[in-house]
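As given, the protein sequences belong to chains E and C, one line each in that order.
Just so we're aligned: the first sequence equals residues 1 to 301 in UniProt numbering.
Just so we're aligned: the second sequence equals residues 1 to 294 in UniProt numbering.
None of these hints come from the bench; they were simulated from the model.
Note that the Cβ used here is the ideal one computed from N, Cα and C, for glycine as well.
Check each hint, because a few of them may be wrong.
Per label pair, the in silico range of CB-to-CB distance [said to hold, decoys possible]:
| id | chain 1 | residue 1 | chain 2 | residue 2 | range |
| --- | --- | --- | --- | --- | --- |
| 1 | E | 301 | C | 275 | 34 to 42 Å |
| 2 | C | 145 | E | 53 | 28 to 36 Å |
| 3 | E | 223 | C | 130 | 30 to 38 Å |
| 4 | E | 16 | C | 257 | 41 to 49 Å |
| 5 | E | 104 | C | 267 | 48 to 56 Å |
| 6 | C | 247 | E | 54 | 32 to 40 Å |
| 7 | E | 54 | C | 228 | 26 to 34 Å |
| 8 | E | 53 | C | 76 | 55 to 63 Å |
| 9 | E | 135 | C | 145 | 49 to 57 Å |
| 10 | C | 272 | E | 225 | 22 to 30 Å |
| 11 | E | 53 | C | 130 | 41 to 49 Å |
| 12 | C | 266 | E | 156 | 33 to 41 Å |
Derived lysine to any residue pairs resembling SDA-like cross-links, with alpha carbons at most 25 Å apart [unchecked claim]:
| id | chain 1 | residue 1 | chain 2 | residue 2 |
| --- | --- | --- | --- | --- |
| 13 | C | 166 | C | 279 |
| 14 | E | 48 | C | 122 |
| 15 | E | 50 | E | 153 |
| 16 | C | 247 | E | 115 |
| 17 | E | 15 | C | 279 |
| 18 | C | 236 | E | 48 |
| 19 | C | 122 | C | 203 |
| 20 | C | 247 | E | 114 |
| 21 | C | 166 | C | 136 |
| 22 | C | 247 | E | 164 |
| 23 | C | 247 | E | 186 |
| 24 | C | 247 | E | 117 |
| 25 | C | 122 | C | 150 |
| 26 | E | 48 | C | 129 |
| 27 | E | 276 | C | 136 |
| 28 | E | 278 | C | 97 |
| 29 | E | 48 | C | 175 |
| 30 | C | 247 | E | 126 |
Heads up, incomplete: computed chain C residues facing chain E, CB under 7 Å, no partners named [stated by the list, open to error]:
| id | residue |
| --- | --- |
| 31 | 141 |
| 32 | 236 |
| 33 | 249 |
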Amino acid sequence: RSPVVFFEVEILDAKTKDKLCFLDKVRVNLFPYPQWYPARQSIRLDPKGKSLKDEDVLQHLPVGTTATFYFRDLGSQISWVTVFLTEYTGPLVIYLMFYFRVPFIYAPKYDFTTSKHWVVHLACMCHSFHYMKRLLETLFVHRFSHGTMPLRNIFKNCTYYWGFAAWMAYYINHPLYTPPIYGEQQIRLALILFLFCQIGNFSIHIALRNLRPPGSKTRKIPYPTKNPFTWIFLLVSCPNYTYELGSWLGFTLMTQCLPVAFFTLVGFIQMTVWAKGKHRSYLKEFRDYPPLRSPILPFIL
Amino acid sequence: MAATRQKIKRRRRRIKTSLPAAASIVSCVSGADSRCQSEHRNIEGIIVDMSAAAAPGTSKGAHSDVTGRRKKGPGALATAYLVIYNVVMTAGWLVIAVGLVRAYLARGSYHGLYYSIEKPLKFFQTGAVLEILHCAVGIVPSSVVLTGFQVMSRVFLTWAVTHSVKEVQSEDSVLLFVTAWTVTEIIRYSFYTFSLLNHLPYLIKWARYTFFFVLYPMGVTGELLTIYAALPHAQKTGLYSVTLPNKYNFSFDYHSFLIIVMVSYIPLFPQLYFHMVRQRKKVLGHTEDYSKVE
Numbered sequence: 001r002s003p004v005v006f007f008e009v010e011i012l013d014a015k016t017k018d019k020l021c022f023l024d025k026v027r028v029n030l031f032p033y034p035q036w037y038p039a040r041q042s043i044r045l046d047p048k049g050k051s052l053k054d055e056d057v058l059q060h061l062p063v064g065t066t067a068t069f070y071f072r073d074l075g076s077q078i079s080w081v082t083v084f085l086t087e088y089t090g091p092l093v094i095y096l097m098f099y100f101r102v103p104f105i106y107a108p109k110y111d112f113t114t115s116k117h118w119v120v121h122l123a124c125m126c127h128s129f130h131y132m133k134r135l136l137e138t139l140f141v142h143r144f145s146h147g148t149m150p151l152r153n154i155f156k157n158c159t160y161y162w163g164f165a166a167w168m169a170y171y172i173n174h175p176l177y178t179p180p181i182y183g184e185q186q187i188r189l190a191l192i193l194f195l196f197c198q199i200g201n202f203s204i205h206i207a208l209r210n211l212r213p214p215g216s217k218t219r220k221i222p223y224p225t226k227n228p229f230t231w232i233f234l235l236v237s238c239p240n241y242t243y244e245l246g247s248w249l250g251f252t253l254m255t256q257c258l259p260v261a262f263f264t265l266v267g268f269i270q271m272t273v274w275a276k277g278k279h280r281s282y283l284k285e286f287r288d289y290p291p292l293r294s295p296i297l298p299f300i301l
Numbered sequence: 001m002a003a004t005r006q007k008i009k010r011r012r013r014r015i016k017t018s019l020p021a022a023a024s025i026v027s028c029v030s031g032a033d034s035r036c037q038s039e040h041r042n043i044e045g046i047i048v049d050m051s052a053a054a055a056p057g058t059s060k061g062a063h064s065d066v067t068g069r070r071k072k073g074p075g076a077l078a079t080a081y082l083v084i085y086n087v088v089m090t091a092g093w094l095v096i097a098v099g100l101v102r103a104y105l106a107r108g109s110y111h112g113l114y115y116s117i118e119k120p121l122k123f124f125q126t127g128a129v130l131e132i133l134h135c136a137v138g139i140v141p142s143s144v145v146l147t148g149f150q151v152m153s154r155v156f157l158t159w160a161v162t163h164s165v166k167e168v169q170s171e172d173s174v175l176l177f178v179t180a181w182t183v184t185e186i187i188r189y190s191f192y193t194f195s196l197l198n199h200l201p202y203l204i205k206w207a208r209y210t211f212f213f214v215l216y217p218m219g220v221t222g223e224l225l226t227i228y229a230a231l232p233h234a235q236k237t238g239l240y241s242v243t244l245p246n247k248y249n250f251s252f253d254y255h256s257f258l259i260i261v262m263v264s265y266i267p268l269f270p271q272l273y274f275h276m277v278r279q280r281k282k283v284l285g286h287t288e289d290y291s292k293v294e
């Protein structure tokens, strides 16, 4: 004859404090706002606080037997996969347009001509390979923690990737392009650096994928595997960013093009911000996190 | 929503508790028992707590700058430094104002007054770069990016347009923006000085949030006309421009860049202007509640 204690939950709009929904012990009233699909719902305990996660359990939240949650609409959402595919296909296509010297870019006498410098052909192959790799990784390798991001991000991200791709491609494929000063030596060194870092970056993505079983969102500390390219985990928390920086340094060296250097610099700044954030959350989540590791550059940053 | 619903359903647990205790919980939730404030958090209690925490500090907003400092603010040393900085800047722009007036009286015309205040203008406008540092270090609660943008646009006009293209220095548009800047800065820096000393005369606050109605458009007009006047000279001399071919595979056309800068005023100016209009409503809107001098 032990009595049963149930939870009751009330959901209010964070801004207007209107009652949106009331969840009673047995009768659950239907949520009357179908346009607010789950991905754009932010439920929190405090109107100005952090969002609760999908995995949070009512039992473990600091509420009494009566709980009040606040709802915030996150705005239109778009899936990460869609954003990645769009932002990576752009540079692939745009660069090729400049490479093949499609009309209205350069002077008409150069339309559909090809560059006489072999490094220009090599650069096109490397650039295209890089973005093809990214597209395939998005489709087959990455396991995303969040399903969606705000819709306005796709405009911001595509402007960044597509804009820089056009700017770089314009100069590399220009009829007045000047090849690297140190010629073949410089190009060979750059190509080795580029390929080494591409393989490294791919190895890290595979290692990270294997940390996480399919469909789960578990987070574990990544460790070096049998693959030598993952041994950098001993010194760095986010070696995928380290290798990405290396790849673009290689491409800068290969093309000796200032816009490429700018792109590498801006990317490096952004990746450093992400790496520091990731490193901090690793330290917060895992007591036994290896102390030797730096966020992105061994011992430096 | 479906996910949350399922979670809650699953969390329904059977808790062994005595019948009287269970009864008190149920009646608390239904509002029948008024004694349950201390033991069980009821819905009204939670809402009251939340709304009290969320209310903006309107009484604080009027005293200091409208950015609404909730934190402790700069220490004594930083405050002393900032007071000195703002006093020096006020004095500097007063020097420029006096210089303009004296030059006008001496020459008898508005033309070519730039040359008489060129040096103090460059010195004090460039000195404003320190304000970016103040935000970065944290002794001033503004955004580094916003302050940086504002200061660098002024510095750009002073050095990269007016100083670099000598032919525009005799244009009347230069006087237009220099006058707007001078009046604005004298009011702004004295506003900051008095705010830091916690003795802000209402007149200064009113002036800061009212004069912009005329000064902003006046300054923008002067700036745009000056850049426009600089265009043909920048193009003719290839000023600050780099052409292909070169070993860095890079090119830059300053003339086109100036045109892009002019076009960028179209989206930016209305945003900044209406931001000030909104600030004015917030800061001066409570005039019924406060006396004239604080």
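Hints, verified against the model:
no., hint, result
1, E:301 to C:275: 34 to 42 Å, "36 Å, holds"
2, C:145 to E:53: 28 to 36 Å, "30 Å, holds"
3, E:223 to C:130: 30 to 38 Å, "48 Å, violated"
4, E:16 to C:257: 41 to 49 Å, "47 Å, holds"
5, E:104 to C:267: 48 to 56 Å, "27 Å, violated"
6, C:247 to E:54: 32 to 40 Å, "54 Å, violated"
7, E:54 to C:228: 26 to 34 Å, "56 Å, violated"
8, E:53 to C:76: 55 to 63 Å, "44 Å, violated"
9, E:135 to C:145: 49 to 57 Å, "33 Å, violated"
10, C:272 to E:225: 22 to 30 Å, "53 Å, violated"
11, E:53 to C:130: 41 to 49 Å, "44 Å, holds"
12, C:266 to E:156: 33 to 41 Å, "20 Å, violated"
13, C:166 to C:279, "38 Å, violated"
14, E:48 to C:122, "45 Å, violated"
15, E:50 to E:153, "20 Å, holds"
16, C:247 to E:115, "16 Å, holds"
17, E:15 to C:279, "21 Å, holds"
18, C:236 to E:48, "56 Å, violated"
19, C:122 to C:203, "29 Å, violated"
20, C:247 to E:114, "20 Å, holds"
21, C:166 to C:136, "34 Å, violated"
22, C:247 to E:164, "20 Å, holds"
23, C:247 to E:186, "14 Å, holds"
24, C:247 to E:117, "14 Å, holds"
25, C:122 to C:150, "16 Å, holds"
26, E:48 to C:129, "34 Å, violated"
27, E:276 to C:136, "19 Å, holds"
28, E:278 to C:97, "52 Å, violated"
29, E:48 to C:175, "48 Å, violated"
30, C:247 to E:126, "21 Å, holds"
31, 141, "18 Å, violated"
32, 236, "23 Å, violated"
33, 249, "4 Å, holds"
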